[in-house]
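So the sequences go chain by chain: A and B. Just so you know, the first sequence maps onto residues 1 to 564 in the working numbering. Just so you know, the second sequence maps onto residues 565 to 904 in the working numbering.
Simulated from the structure, these hints should not be mistaken for lab results. Please note that the accuracy of each hint is not assured.
A partial selection of chain A residues facing chain B, derived with a Cβ cut-off under 10 Å [said to hold, decoys possible]:
{"id": "1", "residue": "66"}
{"id": "2", "residue": "69"}
{"id": "3", "residue": "70"}
{"id": "4", "residue": "99"}
{"id": "5", "residue": "101"}
{"id": "6", "residue": "111"}
{"id": "7", "residue": "114"}
{"id": "8", "residue": "136"}
{"id": "9", "residue": "273"}
Across the chosen pairs, the derived CB separations fall in these ranges [unchecked claim]:
{"id": "10", "chain 1": "B", "residue 1": "762", "chain 2": "A", "residue 2": "91", "range": "28 to 38 Å"}
{"id": "11", "chain 1": "A", "residue 1": "402", "chain 2": "B", "residue 2": "807", "range": "38 to 48 Å"}
{"id": "12", "chain 1": "B", "residue 1": "854", "chain 2": "A", "residue 2": "58", "range": "19 to 29 Å"}
{"id": "13", "chain 1": "A", "residue 1": "226", "chain 2": "B", "residue 2": "581", "range": "27 to 37 Å"}
A few chain B positions that, by computed beta-carbon distances, are all more than 12 Å from chain A [as the list claims (entries may be wrong)]:
{"id": "14", "residue": "586"}
{"id": "15", "residue": "610"}
{"id": "16", "residue": "613"}
{"id": "17", "residue": "621"}
{"id": "18", "residue": "634"}
{"id": "19", "residue": "645"}
{"id": "20", "residue": "714"}
{"id": "21", "residue": "742"}
{"id": "22", "residue": "761"}
{"id": "23", "residue": "791"}
{"id": "24", "residue": "798"}
{"id": "25", "residue": "805"}
{"id": "26", "residue": "835"}
{"id": "27", "residue": "853"}
{"id": "28", "residue": "877"}
{"id": "29", "residue": "888"}
Since this is a predicted model, take the numbers as computed values, not measurements. Using N, Cα and C, we set each Cβ at its ideal position, and we do this for glycine too.
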Amino acid sequence: MTLFLSNVRRGLPRPLPTFGLLATIFALLFGLWAVATPLMGAPDEPAHTIKAAAVVRGQVLVEEGTSFGHGVHVRVPNYIASLHAQSCYKFNRAQAADCAAPVYADDTFTNIGVTSAGSYNPMYYWVVGLPTLFMSGAPAIYAMRLVSAALCALFFAAGFTALTELRRPKYPVLVAALTMTPMILFLGGGINPNSLEIAATMAAFAGFVVVLDNWRNTRRVLPALATVVAATVVLANARQISLVWLLCALIVGVCSFRLRRTLAVFTDKRVLTAVAVAVPGALLGFLWMYVAANGPANVGVAPEGIANPHPDAPLYRGFMIMLDRTYDFFPQYIGTMGWLDTPAPELVTLVWGGLMIAALVVPFCVRPLRNWTGYWVALAMLYLVPALLQTALWRGMGFIWQGRYTLPLVVVLFVSVGLGLRKLRFPTSPVAVHISRVMFWLIVFCHTLTFVYVLRRYVVGISEIANWQTLFSSPDWQPPLGWFTLTAAYLLVTAAGVLLLFRYLHPGQPLIVRAAASGGKGKGPARAGRQHEQPHVGETASTMPNTGDPVTSGSEVKTGPGQS
Amino acid sequence: MLTGLLSLSACATTPPGTVQGALTGIGSNAAQGAVSAWGLAWGGAVKGTSVSYSPDGSAAGLKAFQDGQAHFAVSSAPLTQQEAISVRGMCTSDGAVSVAAGVLPVGVAIKIKGVNDVVLDAPTLAAILQGEITRWNDPRITGLNTGTELPDLEITVIAPEGPSDTVRPVNDYLNGEAGVAWDPDSPDSWPSTVIGQVSSPPLDLADKLDDTNGGLSILDGSIIGNRFTAAQLVFDGKPRRLQASSVVDAVTTGEVDSSPRGVVQKLDGASGYALGTVLYVHMCREYSEPALTRLSRSLGQSLLSEDAQKNANAFAFVMSPSKTAVSEARALIGTNGDGQ
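One chain only, chain A, in its complex shape (with noise of 0.2 Å):
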């Protein structure tokens, strides 16, 4: 805690203990979700904690027989095999969680347990499952949550800390922040490598774009490098569309520099030595795809409710369809949580689609156009990926696809809009350090009002009328620790955390003005800051090398992000 303290204090340390730093602000945040949330309570969870169980006992193939048409039959604890009696409460967000029974550790029989993920990569679920081999019932679901909640935990500490070695790192690193959207740490405390996915995407773009923006120097950022090659190896083994998004992601990491940038770095010995390193890995993930792609035949077909085929609709439907629902999904980016069944407050998602909508526009506002190739590509992307993943399974599967899916390619866009951004000087007047004093505040309203909202939906279940007194009054089901005590620690947990990116974007500013320290009421906030901006800036510019801002003065250079 005083190490915390005294990091805080000082903004953003080295990458070390920046990287514990965050990995533990992160842990706490998914292991927040993890807790809260009723065990199954996570998209596709019961299909994922099967797969766990059964990989870390040794099925890891498909065995002859054992693959029909609603997923693959395992052998696994009767705790585990039982969890999609779990599921009484998905899809109605008026039901609280207290219909689902409670999971007992001695229910260990072995029994047949049905997974939908049964083909998929081990990888992550060689170390998600580990907790069942030493523990049983609902604690070792929910350590088995902790593990993976620490996973993406890891991976999103790493890619921030890569992005505070850009050499102009503050506006990546301020939009990488509001991207962690409260949807994001909902998929972090559950059961699913969809949350691994989104976090090793952002970690392997923000590495990538270090060493490139470090081309001359990669010895400099070798952490970065060293997070490209374990995100890499981790993307390429976790779901097969994983690696499209690891492909989007250097796609636009190189759209975002020149190309000679990119044709250098990769003559770079420790570049090369990286690549080396990684490329084993990807293999192995690409050997996992043969093998699972010459499994054992399927006896049935998905019945209706897990594929809803169209095997006449021509295509092109298909594709018009997702593109014209691109923006459908930004509600699911921000927060739709469960089983799709739980919508973030109207406020939040108000919130969250004005500062997208806004970092969406920034480019068309900021010349020169061409600047902003990275981003136009992630823009593209975002627009014809889905779509064109989705119309090749259009006709075998159906319409299956939901925002979760995309959202590293989320991650990406909004990286890249703030890599297009990081050559304007940041904003330091008393005016702007009180409006993102003020912002920074509504988003730790905004994610724990979020926090305590899903909460309800499973205490009391959300009804039509206002019924918030009822979770205090007659709460019908409560996670571990209590809704109340979950809620008080997210929201200390978000503030260090708001508290954290505001001292390393203002050093020296507080995230707090306390009424003496601006002279009186009223007048706070501006005052206040003009009294510490100099000094402290000053101070930290010799103990933060990257925090960017005196590098220049002006409100933008003249040379952009392609030209750098």
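Given the coordinates of chain A, work out where chain B should sit on it, guided by the hints.
Coordinates of chain B only, in the frame set by chain A:
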């Protein structure tokens, strides 16, 4: 957080007699809607229970059941005595039981613009399916439909490729009629002489029929609904319409055969529309795990309850077996695991 997790250890021990968990079933595609409805009713009545069902076909279901890959199977025919005794899989040496749990009406769906009612009898239907009658205004059809003007339109047969649970009752219907030469290789497959066999899921068959003026297909009643005209079929000399009340009549007066290995429901063409797939649920007499015996007994009792049967009727157009069949099936399932 750790404290919270440790507090969950309070749930470490299962109370005696607890019934909760998930059961996995595989079987008839025709039973998909009914099993879903039964599962909903069960989950609502018994906390912490659910059914995962894969409609991969009766044969696949029975194989999975025998291989220990499913807790139960659903098919359109009961297990024979020998089959029931020899089932192992997840069962003990006591083998399995089969009980009739629902009746899904099957219809001859037709699509003729401007025609809303057609009567067919077994010889005529057999001749159509075998390509001997090729036009709707054939005298053998118009002879059964006096007063209805049938067009000079080609009949396009769109038949589900066997083996199929909707083929079985049609075979039974045509087999039972005098003067019809109908000799399928297996009870749920067409004779090789049947034309227009299509290997597509039932809903795709319906789409094809929808696009084919002059088409005729064999579909289950839940798909026919109000979408197609179902031909009236002649049973015991009388044309019977595919409607719930008529099917219920055929079920109510249908014979019920009970034995320690199962309850079989038959349909009575003398009193109603008797073309339907009887859905049989196969379960272990006793599972190797007592918890599974309790769980499957609970499911069996539940799916034969009034609520579950109403659900199946409302959601999937599956009729309840006769009261006698339900009562005897419940009693039989209630004895499952008595040896444990």
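Next on the checklist: Of the numbered hints stated earlier in the document, which are not met by this structure?
Outcome noted: Numbers 9, 13, 14, 15, 16, 17, 18, 27 - these are the hints that the structure violates, sorted from lowest upward.
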